[in-house]
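Q: Residues per chain are reported as follows:
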Amino acid sequence: MSTSTMPSRPAPAELVDDGPGQRLYWAFADGWTIVRRGLTHYVRQPTNILWQLGFPIVSVLLFGYVFGSAMSVPGGGDYREFLMPGLFGMTMAMGFMNTAYAVVLDTTKGVTDRFRSMPMAPSAVVTGRGGGDLVGAVVDLFVLAMTALVVGWRSQAGILGTLAAFALFLFLRFALTWVGVWLGMLVPNEEAAGSLFAVAFPFAMISSVFVAPALMPSWLGTIALWNPVSSTVTAARELFGNPAALGDTWIEQNALLMSLVWPVIITAIFLPLAIRRFQRLSR
Amino acid sequence: MTHTAIVAEQLHKHYKEKRALDGFDLTVPQGMVYGLLGPNGAGKTTAVRILATLVRLDAGRALVAGYDVVEQPRQVRRSIGFTGQFAALDEVLTGRQNLRMFGRLFHLTPKQAARRADELLERFDLVEAAGKGVREYSGGMRRRLDLASSMILSPQILFLDEPTTGLDPRGRNEVWESVRSLVAGGTTVLLTTQYLDEADQLAERIAVIDHGRVIADDTPDALKTLIGGDRIEVVMKDAADVPVAVKVVARVATAEPEVDDTSRRVHAPVADRVAALTDVARTLQDDGIGVEDIGLRRPTLDEVFLRLTGHRVEEQPDEAGGAGEISSPDTSRGATR
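Residue numbers (the working numbering), protein chains in the order written: chain A, -1 to 281; chain B, 8 to 344.
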C-alpha cells in the first residue's frame, strides 16, 4: 500500500484534556471512581465483610479462650491483651489475598482490558484498587476492634497513640496491596488465587502474632522476628500499651522504626513489579 | 473530517515462535460492518487487540479513526468501543451502576453519566433489569450490557471480538439485533467471528484470516459464490440407493455432487435453493426411494477454508498466546503466563 492511502490525522482541537494538570486531575478522579466501585461492593454485599473477618473472629475465640489458658506471654501480661493487636496484624497481613483475588477476577473477566481500552488514566486501575482496599481495611479493623473490646481488650494509650497504632496497621496493609496486585496479575485464574493461602498463612503466622518469637526454636524465632508483620504488631502493642513480650534484639527494640521501614521496602519492591506486570499485559 | 475508519499495513506480531500476525493488511471504510473470519488461532483476536491499543505491535502501522495506535493511543481510545470475548462487567454492581461507572471513566460528569446510562438501558432493552446485579443476568443480557458499555461515548468505531461465542441461539439473536441497530446509527464495526453465518448475517464485507494474514477479502455473497453457495444434502436409508441419489442431485446442482459412503450422504452446491430441494425430494419420493434426511445447509467455515487455502481448519489452540490471551473461548482465560 502506498502512503497516499493513509488518511490525514485530524487537528487535535478536541483533545482539550491533555495537559499535565488535566492528566493529574483525571488520575485522581478516575482512581476515586474505582475506589467508589469497591465501596459499592461493600454496600451491595455487606455480609462479605463478615466472611472475610470470620477467620480472625474465630481466632479471637479459639486462641483467646481455647488455647489462651495454656499460652504465656514472656515478661508477663494478659494473653488476650497480647493477642488482639496480633490479630489486627494478621488480618492486615492476609488482606493482600483479597486484593489478588479482586485483580485476578478483573483480569480474567476482561474488565481490566475494558479499562485499558478506555481513555481513562491507566494508573487509576492500580491506585483505585489500593484506595478501595484501604477503605475495606478500615472497616475490617473497626469490626475487629469492636470484637476485641467485647472480649476485654483495651488500649491503654490516649486517642493519638491508639490512632497511630491503627495507622501502622493500615500502612502495612497499603504496602501489601502492591503484593496483591502483582500476584493477582501473576496467577492464571481464581482457583490459583485461592491457593495463595499457602503463602499468606505462614507469612501471617510465623511472626509475633500469636506467640512471642522467643518461645519458638531459635531459627524459626529469627525468621518470625524479621517478619514485617512482627514489627508492625510489636510497635502497635507498644503504642496501645499492651504486653509486647519485648526481647532485647535490635529488631524488637526498633519495632516502631521498622514498622515504618518495612512497608516502604515492600512498596519499593512490589509497586514497580506490579506496574511492570501491568505494562506487560500489552505484550 | 473524513478518513478511513481503520487502516492496517503489514502488521506483525510474534509470540515466542508463533507468528500471531504475519503481514496483516486491512482497510475498513467508515460506516461499514467488517467481519474478520477465521478459526481459533488465526490471529483475529491479536489484530483486534492491536487496533484497540491493548497489545503493542512488533512491526507495521495502524491508524484507527485517523490516529496512530502506537503514537496516539489516548486519542484512539476516545474514538473506539471495545467488546472482548467475555462480557467485561462488574458482576456485583447492577447494570445501571456498571454503565454509570464506565461513564465516569469516560470522563462524563455524574449527571451526564447517569443520563447516558438510562438512555443506553432503554436502547438495549435492559430497563427492567437495570437495578439487578449483573450476576443475575443471562448470557444475552450480559452481552447487551457489555455492548452498551462500549457505546457510552457513541464511538466512531466499535470492535467486537467474537460477540456471540458461548451464547445460546436466543442470545445470539439478541446480540445481532443490537449490532444492527448500532450500525444503523452510523457506527463502523469490526467484528471477529468463527461462524460464517454470523459474518453473513452482520457484515457487509468479510476478510478471511489464516496464519495471521488476510487470505480473502470480499462481500459475503462473493465469498459464498466462490465456494459454491448453499448446499443440498441427502442422506439415504440404503447404501444401494446412493448412486440414484447422486444422479438426482446432479440434475439440480451447480457442481459435481460429493458422496460420503459411510454416512450414505450426498451433497452438492445449488443455485435455486427451494426449487432444488422440492425437485430432489419429489423425484426421490416418486421413485419410492428411502430417504433418511434431506435439507439445505449453508457452507461452513471449513468449506470456505478448504476452498481458499486447500486445507481444513486447523485448530490452533493458542491464539496469540501473550498476557491476557485466550486459549479457547470455552475455557477460562489465563490472566498471564
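Incorrect hints may appear among the rest.
[Said to hold, decoys possible] Heads up, simulated DSSO-like pairs for lysine-lysine below, C-alpha to C-alpha not over 30 Å straight-line:
1. B:K254 x B:K244
2. B:K231 x B:K254
3. B:K25 x A:K107
4. A:K107 x B:K244
5. B:K118 x B:K139
6. B:K118 x A:K107
7. B:K231 x A:K107
Hints listed in this document are in silico derivations from the structure and should not be mistaken for laboratory results.
Q: The structure should be examined with respect to each hint, and the outcome stated for every one.
A: Checked hints:
Using a Cα cut-off of 30 Å, the hinted pair K254 (chain B) and K244 (chain B) holds, with the two alpha carbons roughly 16 Å apart. At roughly 24 Å between alpha-carbon atoms, K231 (chain B) and K254 (chain B) fall within 30 Å of each other, so this suggested pair holds. This hinted pair checks out: K25 (chain B) and K107 (chain A) have alpha carbons roughly 25 Å apart, not beyond 30 Å. Straight-line distance between C-alpha atoms of K107 (chain A) and K244 (chain B) comes to about 48 Å, which puts the hinted pair past the 30 Å bound.
With a C-alpha separation of about 21 Å, the suggested pair K118 (chain B) and K139 (chain B) falls inside the 30 Å cut-off, and the hint holds. As the CA atoms of K118 (chain B) and K107 (chain A) are separated by approximately 28 Å, the hinted pair is consistent with the 30 Å bound. With a CA separation close to 35 Å, the supplied pair K231 (chain B) and K107 (chain A) exceeds the 30 Å bound.
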